[in-house]
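The hints should help you fit chain B onto chain A, whose structure is shown.
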Amino acid sequence: MSVTQDGVQFTLERDLAVDLHRRMVRIRLFEEEAGRLMEAGVMPGFLHLYVGQEAVAAGVMSTLRDSDQITSTHRGHGHAVAKGANFQRMFAELYGKSTGYCHGRGGSMHINDLDIGMLGANGIVGGGIPIAVGAAFASVYRNDGGVSAAFFGDGGSNIGSFHEAANMAAVLGLPVLLVCENNGYAEFTAQADHMRITDVADRAAGYGIPGVIVDGMDAVAVHQVALAAVERARAGGGPTLIEAKTYRFYDHQGVKGLRIPYRSAEEVQTWKARDPIALLERRAVEEGLMEPAQCSAVWDAIRIEVAEAVAFAESSPDPDPADLLEDVYTV
Amino acid sequence: MSLQTQQSQPTDKTGTGPGTSTASTPVRQLTYVKAFNEGMAQMMRADEDVFLAGEDVGGYGGVFHMFDGLKDEFGSRRVVDTPISEAAIIGLGVGAAARGLRPVCDLMFMDFLGVCMDQVVNQAAKMKYMYGGTVSVPLTITTAAGAGLGASAQHSQSLEAWLAHVPGLKVAMPSNPYDAKGLIVAAIRDDNPTIVVLNKLLLGTKGAVPEDLYEVPFGTARIARPGQDVTVVALGRMVNEALAAAEQLAAEGIEVEVIDPRTVQPLDTLTLVDSARRTNRVLVVHEAVTFGGIGAEIAAQIQDEAFDYLDAPVLRVGAPFSPVPFSPVLERVYVPDAQRILAGCRRLLERS
Chain A
25 MSVTQDGVQF
35 TLERDLAVDL
45 HRRMVRIRLF
55 EEEAGRLMEA
65 GVMPGFLHLY
75 VGQEAVAAGV
85 MSTLRDSDQI
95 TSTHRGHGHA
105 VAKGANFQRM
115 FAELYGKSTG
125 YCHGRGGSMH
135 INDLDIGMLG
145 ANGIVGGGIP
155 IAVGAAFASV
165 YRNDGGVSAA
175 FFGDGGSNIG
185 SFHEAANMAA
195 VLGLPVLLVC
205 ENNGYAEFTA
215 QADHMRITDV
225 ADRAAGYGIP
235 GVIVDGMDAV
245 AVHQVALAAV
255 ERARAGGGPT
265 LIEAKTYRFY
275 DHQGVKGLRI
285 PYRSAEEVQT
295 WKARDPIALL
305 ERRAVEEGLM
315 EPAQCSAVWD
325 AIRIEVAEAV
335 AFAESSPDPD
345 PADLLEDVYT
355 V
Chain B
47 MSLQTQQSQP
57 TDKTGTGPGT
67 STASTPVRQL
77 TYVKAFNEGM
87 AQMMRADEDV
97 FLAGEDVGGY
107 GGVFHMFDGL
117 KDEFGSRRVV
127 DTPISEAAII
137 GLGVGAAARG
147 LRPVCDLMFM
157 DFLGVCMDQV
167 VNQAAKMKYM
177 YGGTVSVPLT
187 ITTAAGAGLG
197 ASAQHSQSLE
207 AWLAHVPGLK
217 VAMPSNPYDA
227 KGLIVAAIRD
237 DNPTIVVLNK
247 LLLGTKGAVP
257 EDLYEVPFGT
267 ARIARPGQDV
277 TVVALGRMVN
287 EALAAAEQLA
297 AEGIEVEVID
307 PRTVQPLDTL
317 TLVDSARRTN
327 RVLVVHEAVT
337 FGGIGAEIAA
347 QIQDEAFDYL
357 DAPVLRVGAP
367 FSPVPFSPVL
377 ERVYVPDAQR
387 ILAGCRRLLE
397 RS
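In the order they appear, the protein sequences are chains A and B.
My numbering puts the first sequence at residues 25 to 355.
My numbering puts the second sequence at residues 47 to 398.
Just so you know, these hints were derived from the structure itself, not from any lab.
Just so it is clear, CB atoms sit at the ideal spot from N, CA and C, and this is done for glycine as well.
Be careful, since some hints might not be right.
Using 20 Å as the maximum straight-line C-alpha spacing, the simulated SDA-like pairs for lysine to any residue come out as follows [stated by the list, open to error]:
no., chain 1, residue 1, chain 2, residue 2
1, B, K252, B, R386
2, A, K280, A, K296
3, A, K296, A, Q277
4, B, K117, A, Y165
5, B, K252, B, K117
6, B, K252, B, G273
7, A, K280, A, E211
8, B, K252, B, L376
9, B, K117, A, E211
10, B, K117, A, V164
11, B, K117, A, R166
12, A, K296, A, R166
Only some residues are given here: those of chain B computed to face chain A with a beta carbon under 8 Å [unchecked claim]:
no., residue
13, F97
14, P129
15, A134
16, V140
17, A142
18, N168
19, K174
20, G179
21, V181
22, Q347
23, Q349
24, D383
25, A384
One chain only, chain A, in its complex shape (with noise of 0.2 Å):
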């Protein structure tokens, strides 16, 4: 069921189904490949894998244009993959290969776009989100009808330019969505010993702007509440605070992660009861949007194109340490 909190549900038409439904399954087998490639040594570098928060990437995605920008985190595989991002060169730069995004020089943490308004990850919590303002402050410079989204955690709300965007966004009015991605933990805190509110969404009122609360695990609420954001700041009604409650199925870093015991075995149990990929496929099964043999196709084809691009990266050329001075500086 897609409930807001105001207890409307949602309806759900058949090509909103199918497209947050790929962008997903996208997700999923991307990270999954991804944490099995890192941890079996093979890839180079640490990850933050998105598993258990597709929900919250495709939904807001699925309400972007290509031309819309966004700015992540270093857990930004999911945002990227969700926004469009070619596999062959996201894990190509997941190798640290020629051929990547970054051409070998981000890795995980760096990865961007900007043609398909990737506007990049970032290592820093919180880094991107006065990014995202500015991004934003250029669409309406050129009034292009853009706006921006600013993806960051519940740790990245205690962060100072958290409030700093927040309020800038507020007061210049400027078109942006602050997506709050409450996976319950920063790092290996839980949210009752970083933070003395239960809803990230509550600081909105400090900037004078919307906070909303939905169901991270539920893509079409999740879709449904970004879309009222979008069609709000397009029309110039300034920033909204999103606060998505989710949870990640993995650890802080890489699958097993440093097996700290921060997690009860039931809590993680309960939430992967509400897998967003499970939650969504049981629903458009049920209301017909869907026949079971399609969600299984989308998947399969998805495992050949990451296939394909996990050989694409591993054949392709390392980078030319010639070139190591390159792109410092635009000359």
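Then chain B, alone, in the frame of chain A:
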């Protein structure tokens, strides 16, 4: 357009200006702040993508009157008064610049870098590189630095070394009105994040400034006064102090060559090394604390490239290793001046 370079332009013996201009339009005596303001206004007229954002930059024109008149001419769309939120101000500029605008974001005092360093260092500076060259950040940050006004420890620092240390940033330190205009123009036209560091005590000083729109290219040092006995490399306001010291030494028959790097990132090493090879003695002077300052970098580069030409170790004159003090008595002792530069030159000349 007059592109002022030390290679192509005669130098100015008086040391107050940049040299003879080849500009076709009238040259006036303008204050440093007025020259900067003129460069800003001319760039805003020339390029619709240029806008200004910062605290009190519009209604008030900036606390140092750097932006006087801009809001009247360009309106609140292009001259944006913001909350006191340095991280969000610079972030606004980073995001807008990544989308192709040319923001000028004002950081009222250079000390306020402390509250927005993430946006400057981790975001603006690194975007181009870490995003694989796909994004340019033509952001200009303007700020006011320097001691001598009784503004004490949090409103007086010279922190250029913090910035020059970060790959991706460019840092200009205009020492005179001509450069204040030419460097802000070059900064705004640059496709990289730039910081133009104005000096508070220079704001009211006057010099020759052409009326037309010109730029002073980054990475081009100026020989403010030629000489063959000692090279003094001076940053920002210290150029004037070095020229005063040179004047005194000239009376004793010692000719000091004063070099103003004008930008510390990029640094015109060639001009500095060339001078070192001719004079064989080098003193570097800046307002910032000596330890870890740009002077250390310049000294290292000169010994790398001109070791065999040196008759003495490269000396540094800078502030002692303490915060800037408030008491006028203490502050006078703290800030380097012509007398300390003079003493440094004498030490160099004692070695033969």
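Structure-based check of all given hints:
no., hint, result
1, B:K252 <-> B:R386, "violated, 24 Å"
2, A:K280 <-> A:K296, "holds, 15 Å"
3, A:K296 <-> A:Q277, "holds, 18 Å"
4, B:K117 <-> A:Y165, "holds, 15 Å"
5, B:K252 <-> B:K117, "violated, 24 Å"
6, B:K252 <-> B:G273, "violated, 24 Å"
7, A:K280 <-> A:E211, "holds, 14 Å"
8, B:K252 <-> B:L376, "violated, 28 Å"
9, B:K117 <-> A:E211, "violated, 45 Å"
10, B:K117 <-> A:V164, "holds, 18 Å"
11, B:K117 <-> A:R166, "holds, 18 Å"
12, A:K296 <-> A:R166, "violated, 44 Å"
13, F97, "holds, 7 Å"
14, P129, "holds, 6 Å"
15, A134, "holds, 4 Å"
16, V140, "holds, 5 Å"
17, A142, "holds, 4 Å"
18, N168, "holds, 5 Å"
19, K174, "holds, 6 Å"
20, G179, "holds, 4 Å"
21, V181, "holds, 6 Å"
22, Q347, "violated, 17 Å"
23, Q349, "violated, 23 Å"
24, D383, "violated, 35 Å"
25, A384, "violated, 36 Å"
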